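Novice: Residue numbers (the numbering used here), protein chains in the order written: chain A, 81 to 689; chain B, 2 to 1138.
For the record, the hints were derived by calculation from the structure and aren't laboratory data.
Honestly, I wouldn't trust all of these hints.
As the list claims (entries may be wrong) - Distance condition first, Cα-Cα at most 30 Å in a straight line; then the derived DSS-like pairs of lysine-lysine:
#1 K666(A) <-> K629(A)
#2 K839(B) <-> K249(A)
#3 K182(A) <-> K1079(B)
#4 K687(A) <-> K331(A)
#5 K665(A) <-> K982(B)
#6 K262(A) <-> K363(B)
#7 K830(B) <-> K666(A)
#8 K954(B) <-> K186(A)
#9 K682(A) <-> K894(B)
#10 K125(A) <-> K284(A)
#11 K262(A) <-> K894(B)
#12 K893(B) <-> K687(A)
#13 K666(A) <-> K893(B)
#14 K954(B) <-> K666(A)
#15 K182(A) <-> K406(B)
#16 K401(A) <-> K839(B)
#17 K366(A) <-> K354(A)
#18 K666(A) <-> K373(B)
#19 K363(B) <-> K682(A)
#20 K882(B) <-> K182(A)
#21 K363(B) <-> K406(B)
#22 K331(A) <-> K951(B)
#23 K262(A) <-> K951(B)
#24 K125(A) <-> K839(B)
#25 K839(B) <-> K224(A)
#26 K882(B) <-> K249(A)
#27 K982(B) <-> K1079(B)
#28 K373(B) <-> K182(A)
#29 K187(A) <-> K839(B)
#30 K1079(B) <-> K331(A)
#31 K182(A) <-> K894(B)
What the hints assert, rightly or not - Far from chain B, by Cβ distances over 10 Å, these chain A residues were calculated:
#32 Q175
#33 D212
#34 L239
#35 S288
#36 S339
#37 D351
#38 L364
#39 T449
#40 D524
In this text the structure is predicted, and so the values were computed from the model without any measurement.
Ideal Cβ placement from N, Cα and C applies to all residues, glycine included.
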Amino acid sequence: MKKYISIILFYLLTVTLITSCDYLDKEPDDMLTQEMVFNSAENTKQWLADLYNLVPDPLWGYFSYDYGYYMMSDEAQMASSLGQFGWSDLMNVQQGSWNPTKLVPKKDLWAETYQKVRASLIFIENVKVLADQRQTEELVERYKNEARFLMAYYYSRMLEVYGPFPLVKSLSDATASVSDLKMARTPYDEIVSYLDNELLELSKVLPSTYDDVNIGRPTSGMCLAVRARMLMFAASPLFNGNPDYADVVNKDGTHLFNSVYDSNKWKKAADAAKLVIDLPEYELYKEYNNDGTIDALMSCMNVHLTSVSENKEIIFPFPGKTSYYYEYHLLPRGSGWAGCISATQNVVDAFFMKNGLSIDDAGSGYSETGYSASDSYYDTKYKWGDAGQTEGLVTKAGTFNMYVNREARFYANIRFSGQYCSFDDTGRDLNFMNGGEDGKPSHDSPVAGYQINKALNPSCRSSVSFPYKPGIIIRLAEMYLDYAEALNEYDPDNSDISFYVDKVRERAGLPGLKDNLSQSEMRVAIQKERRVEYAFEAGMRYMDIRRWKIAETVFQTPASGMNTTANSKAGYFVRTNIQTRVFTKKMYLWPIYQNYLDNNEKLVQNKYW
Amino acid sequence: MKKNNGLRFYEKIISKIIVSGILFLFISASAIAGEADSNNTLLTLKLSNVTIRNVLEVIEKKSDYVFIFSDDNLSDLNAKVNVEATSQPVNNVLTDVFKSTDLSYHINERQITIIRREEPVQQEKSLKMSGVVIDEKSLPMIGVTVQEIGTSNIVVTDMDGKFSMYNLTYGSTLRFSFIGYKPQEIKLTDQTSLTVKMEEDILGLGEIVVIGYGTQKKESLIGAISTVKPATLQVNQSRSLTNALAGQVVGVIAVQRSGEPGNDASDFWIRGISSFQSAGTTPLVLVDGIERSLNNISPEEIESFSLLKDATATAVYGVRGANGVILVQTKRGQLGKPSITLKTDYGVSTPTQLPHFVNGAKYMEVMNAANKLSGNASDIYSPEAITATRNGTDPDLYPNVNWLKEVTQDWVTNSRVTMDINGGSERLRYSLVGSYFNENGITVTDPKVEYDASNRLSRYNLRSNVDLDLTPSTVVNVSIGGYIVNKNTPGKSPTDIIYLAFKNTPIVHPVLYSNGQIPALTSQTNPWAASTQSGFISTYNNSVQSTFSVTQDIGKLYKTVDGLKAKGIFSFDAYSWSQFNRTKTPTTYFATGRDTDGNLLTSITNEGSNFLGFEKYSGGTRAMYIETQLSYSHRFAFNHQVDGLILYNMRDYVNADATTAIASLPYRNQGIAARLSYSFRNTYFIESNFGYNGSENFKKGNRWGFFPSIAAGWMISSEPFMISTKDLISKLKIRGSYGLVGNDQLSGRRFPYISTIAAGDINAGDGYYFGVGGDQYYAGYSESDFGVDLSWETVKKADLGLELGLWGAVNIQVDYFHERREDIFMQRKIIPETAGYKSNPWANFGVVENQGFESSLEINKNFGQDFFLSVRGNFTYAKNKIIEYDEAESLKKTTRSRTGQSVNRYYGLTATDLFQEEDFAADGTLVNGIPRHSFGVVKPGDIRYEDTNKDGKIDSYDYHPIGKPSVPEIVYGFGFSAQYKDFDLSAFFQGATNYSIMIQGDMLIPGSGGGGLGNIYSNCDDRWDPANPYKEKVFWPRLSINKSANNMLYSTWWLKDASYIRLKNFEMGYTLPEQWQKKVAMRDARIFFRGTNLFTWSAFKMWDPELGSIDHPELGSSDGLAYPPMKVCSFGLQVTF
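Next up, chain A with everything else stripped away, as it sits in the complex (with noise of 0.2 Å):
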């Protein structure tokens, strides 16, 4: 027995022993490391495109609360309910309850950036000819300007929002002290400069146009349509001579915006402009008729619906698949899908009528009253007027008359109750209305009795069909406005100003403008055009009216729809407010983070934060 013991003993000692030399030299073998990462091409590829993540989806990440730039703008509202899932802070900005100790929007931006900034900077500095692999010397300068129009468009969409901030250029050394690390905001002009001159020089060495597989990649076009959409920013009033923020210092007295206003900036903006509008590769989307017309509708549709290799009004593309969740929450609820997004009256109103006038100029035949006699026929291919397929038909007898002959891109934007609605198959019309399929009491609804019609496949079904869509940045339109509102700034005579706002209106089916506006009147056309051009597109609406500085005016005008809670045509169809919203001056930049306010006592708060 005693012999067993022993050995037991023994046996335990022994693989104590044996065991407990390098017992503790546990470590994961093989882990990928930064050296492995560019010694190999696949790798290097990898790190680049992690790069790209921050170029957001224009569709769903502007509409959500990632960046909210459509509920911050007076074009849409949310359902009351939406704040349990995230979106209630948002909510708070719309009454102008805002502050920084909060990340609203959700996406942060300013930190987000910083790290791709530092990703891009590790990459630039380790990317290397790997000749074996295929990486050569040639796709290595392409790879290492990717990063830098990256870091570049990153820091442009910053000084949108947030105007100047630190701008870092060279990678930090790990061993730095933080007090080495922390650094004031630069000059609000000094980055505009120094974007410039990268963009620019960017534009000449990448490429104009990519294969196939490879689209989505910045070109030529791509940099320099960002230096146009930057300096359009510099040459407006909030950041060209902003007197409100001509105290803004950093601590060590350095001013962070200019005082002076200065109209060669849109000089500058509209040369930048014109050269994309110069480049060849570019030019507006149209479908035509069978008769040589140009079908605005199917027009103004598809440019949304089209994908790049087809759709040369593309400048910028998001490449990637945009979120269903856009479908989700704009499609109507009768049809299987949560429609709690609304457009609001006051884009409504926006659109022109079929005429090209504005509903309320004179002679605009714009009626809030009665329903239509008869069925409505536009020259067009659009067949989703009625369960019939009516080519043409655009809206059917018994419309609300606000609805009627508008312009094409009306119906490519906005959807009402009463429409005939094609996302199923049952051939039901939309109903907005208390107790309707796509109406209240279900918070499910949209609020003002208005949905958003843009960059949606009228053959989407619910958890069956989400047919593709390009998701846009930039496109050609754009530059042609931009370049006509900066030419019509410091040059308002020259006739290139309603040659390039004509082609916009052109494409949507409407005759040009009036002749000889003066410059303001012009400045007004210009700026309704956008307005409906751009609807619910690239947060156009919120970054104009911040742009221009008339967003306190925007919003004394209350968040306005129809009268969702009525369940009768009489009761519905009334002008009924929403909400009146809260734009206060401190809005027009974003507030820093309190948090990097804390670490960093060089960094200045926006100003009446």
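Using the hints provided, position chain B relative to the given structure of chain A.
Specialist: Chain B alone, transformed into the frame defined by chain A:
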């Protein structure tokens, strides 16, 4: 042959062993190795005129025998003899050799001890003794161990307290021992029968306490160690033992945050929290010396429960000891005839407290009021709709549902059965405990559904401990324990279901439409359907725990090293779980109205699944542990007690639930621990412990840490000058300790010295698409964690304790403690975001101090024969403070700084009162002089805050620490147990204070759910009302239809005192009369009623205060909308055969 001086030789060896520490097993192994066939060795010798020593030398050479003798016998051994033997056994040879001397010999295995003949080795054992053992009430005591000291002659008293012993040696001593009683020693004289009266050891001085890697007499303890009688834990009716700790165990801070079966374990800390990290604050739990969980041990399996708190008690655990250690010893077999104890109870449980919400009509009225107060003109709900809802005329279209009532049952049953078999002989002792535990959850089921979606949990525990004396000096212990847990829940977790019931409005839709369709909104879940129509989930947890240990009492082999023991332990534990999800989503509809015939018009909102799906998940853990130790305990010259220990251990733990390659690597620890203690006259004590540990988590060179401690104690009451006051001060001891312990647990990071590259995850939205149609996807690589060379967290612990016993009946213990945790792992906070780190580097940075005191009081008193009363109470106070935290210097100067504040402190604004009409100018702005409230729009009825920094503006710079921490600083418990004749009654109250909760939520304020979600609390009328704006002390500020940015801030308005006290345990029992019991050979037969959480008192009324505020990050809220703790009442029976 051990020349000259065998004893000294061995002593040298022993000292070397102690010093070298590791190799001792070779020695103990060789000490007993090679004895093969020794008794059969035959010797052939022919020697003439040699000394006896020469003879012995020759015999040693020729055989495996070893001779042991002392210097005193040298002269005899030098005598010359002649020897002639042919194939003789050794005893024949020796008898022949020694016949002419005064020497004799004693063969023990292969050792032969040479002794003087006048010391008779084997005296004839002829004495017989019988007797009875009684207690202070003169009742017979069963199971008292009677041992003839120095022998293995042991018996146990029978049911009448009687014992008989044979073969006793004249003049030897009998020792009578029984747990909880003072041992008695009686020297045998001529008598043949004895009556022994055992005295209860109320001060517990003789109690053996389980300490780190050993045991110690309570009297000589100088570390801060508290023990709990298993009986106090056994009244716990909850699945997890952790729920029994709060208030019962001095030094434990515990809170139970959920009552869901299977997820109801408490969070607990020893002496509070001394770190702001989430990992590395929970105590190390060792069951039978092996790291194991406390959650699924049956209380009946426990023999002892110790809590090691200060550095001297925990230093041996080194890097694992920073948060204190809990030692649980499972039941071991006791000498005696088999005894079988059966215990069963059966009862009902019901939630302690559920929130109350308004009904549908009230809901609509309040929503309308909130809508008005938000500045909207129209009503949300028409008067007709409200009336229809109130009258219930059309529940399909105007529902009025109490969701909580619809998804919960009022009460559910639970039951427990345990069986305990115990017994043993001198050579083999065994304990077998089996138990069954069953509880049901409160979610409802639908009898029409074919599958079983009920929420229930059953657990089967089995543990067997066998101690086998292989030889008189070798004990082998085999312990095998295990459990299986079977859990069934609906397809959605009960916690989610309860939560859904809280957040759905009473008017959203009915439970079920009258046409049988299940209602739900597109983006929402019907709580009732979640409970009854979502399929079910079965979870199976299996655990096997095994320990094998061998203890060799070397001292028994070699008298000279009396007290030296070697022990080896090998253990492996395996835990596995698997989960089968048979879930489905029901097809749901939403009613929009009625057609002209009055039929309900509905439209489909969610296309559900037709049948139950199937998904399987599984995982588990596995641990292996090896320990070898050498311990020494000896009393020299009566007054000097020396104890020593040195051990080596290693542990390997694999987590099969790992989701990353890094987490899948084994977790390893390795270390040496040692203890040396000395006491003089049982009055002065000094002890030193250390641990030297390594962990794989750190870089080579930083892996090993040394954690020493020192402690001293003085038992004043044992001093001669205290003898006169012995009756009053029966015990007085002061003790103190100081030392270091460590922590190697980081939250969220392993191998922090390695920089990692993260691969993108398509589901997390990582990566990017290129190409026409977005078909070229790259998941992407990016920098993840930044490698930093980290090392231990070190905790410096000091403890000062006083133990006082009065009148032999009152026991008081007070401890003051101070801990300072340094080099806390933290992710750097102040690296500016412009540096661009995705995840900031880690550092050994913070410092937290934690101090407090704890005390316990116990009074045990007999009043005459029939009445016994015991009162006990304990109190733990722990307050921590952040000394160093990574904050910008500029921030440290502000009120928002965390430095200098306690870890779980709330930061917020001071709410002074509510705004009134007169505070506003005509244009709606605040009148001059009132600080601008910048968080959001303010209107009359909104909360007014104090401008803490006096800058004329209420903003984030006004935040300051408010209230008490979210984890109680004080946890206490008190209770009594009384026994009168056969009746017993006990009650135990537990409370917590210095404890705040912050209620928050997008939907908290009535109306702020916007009508979509969010129920309204029934106290909604206690609100600011424009009709009566100056009403004092309202609960709710101005209602709003959306979350109010100004009102819904962390502020003193929402900070609630969550102090509570509850009747945690209550028990009433009746022991059946003895004569009845005897007839059926039973004893201790008792019936009882038992209750847990019967009553709760708290200033906070909205939900059970112990839940605190549960975070629902997706809603940005923290509230009490969770599965509440349960109130349990049961009847039971206990009987021993």
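Novice: Which hints, by number, does the structure contradict?
Specialist: Of the numbered hints, 3, 5, 6, 15, 19, 26, 30, 32 and 40 do not hold.
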